[in-house]
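Oh and the sequence shown: position 69 is 69 in our numbering, straight run, nothing missing.
Misleading hints may appear alongside valid ones.
[Unchecked claim] Keeping only pairs whose Cα atoms sit at most 20 Å apart, straight-line, the calculated SDA-like set for lysine to any residue is:
no., residue 1, residue 2
1, LYS113, ALA144
2, LYS113, ARG101
3, LYS113, ALA140
4, LYS178, LYS113
5, LYS306, GLU320
6, LYS178, CYS164
7, LYS203, GLN147
8, LYS166, GLU137
9, LYS203, ALA215
10, LYS216, LEU231
11, LYS178, GLN147
12, LYS166, ALA181
13, LYS166, LEU196
14, LYS313, ASP323
15, LYS178, ALA140
16, LYS166, ALA207
17, LYS216, ALA180
18, LYS178, ARG206
19, LYS113, ALA141
In case anyone wonders, no lab produced these hints; they're calculated from the structure.
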Amino acid sequence: MPGTLSRSPDGSPEGRPVHGTPARRDLAAHASPRTGWGSALVPVSIGLLICLAGCGDTSAPVTLTPQQRLEIESRSLNLLMLAAESDLDDVSCNAIEALVRVAPRAGLPAFRKAAASSSPLVRYAGLVALGELRDTESLAAICAATQDAHAHVRLAAAFAACRCGKTGYARLLFGTLKDAADENVRAEAATLIGRLHDPRALKRLRAALTWPDSAKSRRVTLAIHGALAALGDSGSLGELINYSQGDPASRADALLILADLGHADARDALRYRLLGGSEEYDEARLIAARGLGKLGYRDGYDLATKLLTFRDKNPNPSPENPDRTFAVRSLAIHALAEIGDPRSLPALRALAAAQDDARLQVAACYAICRILSQ
């Protein structure tokens, strides 16, 4: 989830959200792994599942007994398991991506079910999850999904097949990267190639940077650099660091990639974006805080804690000026998940218990599990 805070297809499954200004659109789209296909509440009483002990002063140290830790983690995982089978696509998808991180084996039945969902978004999440787990028992279904009607689902299936040993399906990924008409589909192909962590892809990815269609698309160029950096290319890492100091739209994508990579050489760039005083968007600062948290730094703890209760005062949200409440709160939760400070548990418990946005409940339960596992 959070980390896999990857580029998300929109309701057409062939692109991503196109509403709002570039900076707001991109930063909001990165608030959680899959937020571009709508928002709603999980139709279960999930607030009843969470009960954290000692939820007083959120700045005080939090000491939990082993039994309390087990109970809190168990209830958070139960919520994620329920949410993974929600009828609401974005909630289900976020929960699947969370389970891949915190309880992959427990979530395997839900991943297999998701891979056969009627929703392209959920199929995508389920197939990527099966790939991450290298679930060879699902290989027949995975290979069949490479013929899916939706491009993002085909890419997820090719990724999963490669992870399960059918490396010939890398041709589908590279073919899409070169030939797909939609730049968002091409960017997703590059991202998934990077997630395969196969050094044999380095030569072809470097060549892909020179393809005319790649050079015309900032999003595709950044995704290719992200894949190369994931494979150890220091030049591409440097390019991402440069982009992270650029225009709002570029730095949104670059910061997210850097936060996912967790490379020590990006520390100063992330710290500058968080603390330098020039960043106008809290969303970008929170992505930087998440990246620093992954590197073991707690610089963003105070900011993330403060913004857990952020509420946009915009009286008239519109596609050009969308409400930022969910985006900011979700990014704050994911930053705290990486920072791993148990002082944030009471505040996360409150978000997990609040039933006004199930996406935030899922994110909070994910963060609770991450913190308790550290």
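*Taking each numbered hint in turn, which are not upheld by the structure, reported in ascending numerical order?*
4, 5, 6, 7, 10, 12, 15 and 16
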